[in-house]
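Chemist: Letter by letter, the chains look like this.
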Amino acid sequence: MFKYIVIRLLTFLPTFFGVTLISFAFIRVLPGDPIIVMAGERGMSEERYNALMAQFGFDKPMLQQYWEYLWGVLHGDLGNSFVTKRPVWDEFFTLFPATLELSICAMIFAIALGLPAGVIAAVNRGKFFDRTLMTTALIGYSMPIFWWALLLIIVFSGNLGWTPVSGRISLLYYFDDVTGFMLIDSFLSGQKGSFSSAVQHLILPTIVLGTIPLAVIARQTRSAMLEVLSEDYIRTARAKGLSPGRVNGVHALRNALIPVITVIGLSVGTLLAGAILTETIFSWPGIGKWMVDSIFRRDYPVVQGGLLLIAVMIMIVNLTVDVLYGFINPKIRKS
Amino acid sequence: MSLLEIRNLSVEFASASGSFRAVDGVDVTVDAGDVLAIVGESGSGKSVSMLAMMGLLPWTATVTADEMTFDGKELRTISAKQRRDIIGKDMAMIFQEPMSSLNPCFTVGFQIKEALRLHLGLNRADRHARAIELFEQVGIPDPEKRLSAFPHQLSGGMNQRVMIAMAISCRPKLLIADEPTTALDVTIQAQIIDLLRELQQDTGMGLIYITHDMGVVAETAERVSVMYAGQKIEEQEVKSLFAPPHHPYTSALLSALPERAVSKHLPTIPGVVPGQFDRPAGCLFSPRCSFADDRCKAEKPPQSSKELGLARCHYPIILTSEELA
Ligand SMILES: Nc1ncnc2c1ncn2[C@@H]1O[C@H](COP(=O)(O)OP(=O)(O)OP(=O)(O)O)[C@@H](O)[C@H]1O
Ligand SMILES: [Mg+2]
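Chains as they are written, first to last, in the working numbering: chain Y, 1 to 335; chain H, 1 to 325.
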C-alpha cells in the first residue's frame, strides 16, 4: 500500500509541471494587458507603462518569465497579487476555507440524498419512485447552474424571504477567524443567532452547488446497485434470511460503492468549477469568486497560483479516492 | 407428516416475449432425515423450483402451488418476515458457484457470524467459538486464521466448505445443495460429496441434492426424482431406478453413464431440452425419444402408477425378467 502511494505521488510530477505551464500560458493568451487594466480609466504615460512592464518583468522573454515563475513555485513562492500586493499563498489560504466549507456542505448534501435515493430507486426498479427520481436527476444534471440559482433566490429569498441572498453571515455579527469555517467559528463565538445566520447563508449555495453531484451520485448509485443486486452473493445473503434493509444496505451497497466513490472523486473537480459560478452568484468570498475577479483584473500571479493550487487539490482528492477503494474492496488492494 | 411437502408447484417467468413456464406441476416430498436427489439436464428447472420454495426468485417469477408446507408451516401464506425466520435457519441452501456466492467485500468470518447473530442471537464470543467449531466440522484447516480471510484468498473448494459451514450453522432441518460440486475439480468434488453425506448422517437433517451426475446419485441418495423441461418425469427409490428405469429419458440418462455404456461409444441423448418457443404439444421428451409415436407427439402423457415410478410416459418401459437377466 505504501509503495503504491509513493508510485502514485511520483506520477504527480509530470501533471504538476503540465499544470504550471498551462496556468502560466492560460492567463497570457487572454486578450488584455495587465498594466493597462491597472491604470484604470485615466490611462498612463509611455514611460510609466514601460517602467511598470520592467518592474513586473513582462519585458523579459517568455521562456525566462516561465522559468522564474517555476523557480519561485519550486521554492514555495507563488508571487504577490498585483492588486492587493499580498502573497498569493496567503490569499489562497484565507479564502480557501470558505470554498471548502461550501464544497463539503454541498458534497454532504449530495451524498446524503443521492446514495439512499439511488439505493431505493434500484430496489424499486421500474416503479414510480424510480422513474420520478431518474427524471428529476436528468433535469438536475442538465439544468444551467446560474438559472437554477436565480430561481431559488427568487422563490426562497425574494418571495418567501426565508434565506439571505449573499455572503457567509449577516453583517450584524463579528468574531475572530479561528478555523476559517463560518459554521465552526460562529458556534465558537457564542454569539446568539450567529450560528443560525451562518446556516441560513449556506443553504441556497449548498443546494445550488450540490445539485449536479446529487444527480450524478443518485444515477451512479442506482446503476451500480442494479448490477450488484443480480450477483450470486446477494442471493446468498437473502438465503440467510437477512432483512431486505441489511441485504441492500450492507451486502449490496458495499459492493456498489466502488463506482460511486469514483464519481464522488470526479465530482470534486466539477464542484470547484461549479464553485466559481455559485460563489459569484451568492457573493461567497471563496477561491471561485477570487479566481473570477482576478481573471477580470488580469492579476497574473493570482490566476497562475490559484489554478496550480486547485489542480494540486484535485490530484490529492483522486489519490485519496484510489486509496479508499482498497479499503472498501479488499480484492482491489491485492492487485 | 413429512418435513417438506410440495404439490403441483409451477413457476412462470414474465418476459418481453411472453411468459415462460420454467417449472410445471412438480411434486416434492422429503421426510426428516431423507436424502432426495434431483437430476436433470441444464435448464430443466431444478434450481428454479428450489429457489421458488425458498422465496428467492426475482419479481418476474410467479409461483403457484396447491400445497407448500415445510415443518408444519404453509410457505405460501406466511409473511415475508416469517419466511426470513425459516430460511437460513431451518431450511438452508448452498449454491453452484462458491466463488461468486460469497460477498467479496466481507471476510468469511463476518459472513458466517452474521447468520449466527441473526437466528441464534449468540453474543460475540459465542459466535466466534461456534464459527471455529463449524469450520472444523467442515474440515477447514487453521479455522482461527481462515475466519479473517476474504473469499478471494481461499480456493473454490475452501469457499464451498465455508458455504456449507454457513448453511449448517443453525442446524437446519433441511439442506438444499444445488450442484455444489459442478464448479470444482474432480478430487475436491469427491471430498465435498463425502462431507455432505457425513454431515447428513451425523445431524439427521433432510438433504435435497441437485445434480447432473447419475453416478453421484447412486452413491448419495435414497430417492431420486428426474426432471425434464420443468416437469418431474419419474421418481423412484435409487435402487429400483437403477434396476429398470421406466421413463425413456431416465433410461437414456443412465446409459449415458460411462460405466454403463455397452458399446465403445458413449451414447448421448440427441437434441436439447425444449425452450420457451419450441415446446412440443404432447410429451415434452417426444422429439428426442427413440420410442415416440404419433400419440406421444399429440397427447400429454399422464403420470403412471407408483410401481412404474410415476413416469410421465404413454409407454413406460417395463422389462421382463428375461430382459433383466
Ligand atoms: N430469473 C429468471 N428469469 C427468466 N428465466 C429464468 C430465470 N431463472 C431461470 N430461468 C429459466 O428457467 C429455466 C430453468 O432454469 P434452472 O436454473 O432451474 O435450470 P437448472 O435445472 O437448475 O439447470 P442447471 O443444471 O444449468 O443449473 C431455464 O430455462 C432458465 O432459462
Ligand atoms: Mg441450476
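Simulated from the structure, these hints should not be mistaken for lab results.
Misleading hints may appear alongside valid ones.
Facing chain H, according to a computed beta carbon distance under 10 Å, are these residues of chain Y, among others [to be verified]:
#, residue
1, K60
2, T236
3, L257
4, P259
5, N329
Listed below are the simulated BS3-like cross-link pairs for lysine-lysine, each with C-alpha atoms no more than 30 Å apart in a straight line [as the list claims (entries may be wrong)]:
#, chain 1, residue 1, chain 2, residue 2
6, H, K73, H, K89
7, H, K306, H, K239
8, H, K73, H, K145
9, Y, K3, H, K145
10, Y, K127, H, K81
11, H, K239, H, K300
Every residue gets a Cβ at the ideal spot worked out from N, C-alpha and C, and that includes glycine.
Chemist: In ascending order, which of the hints set out earlier in this document are inconsistent with the structure?
Modeler: 1, 4, 8
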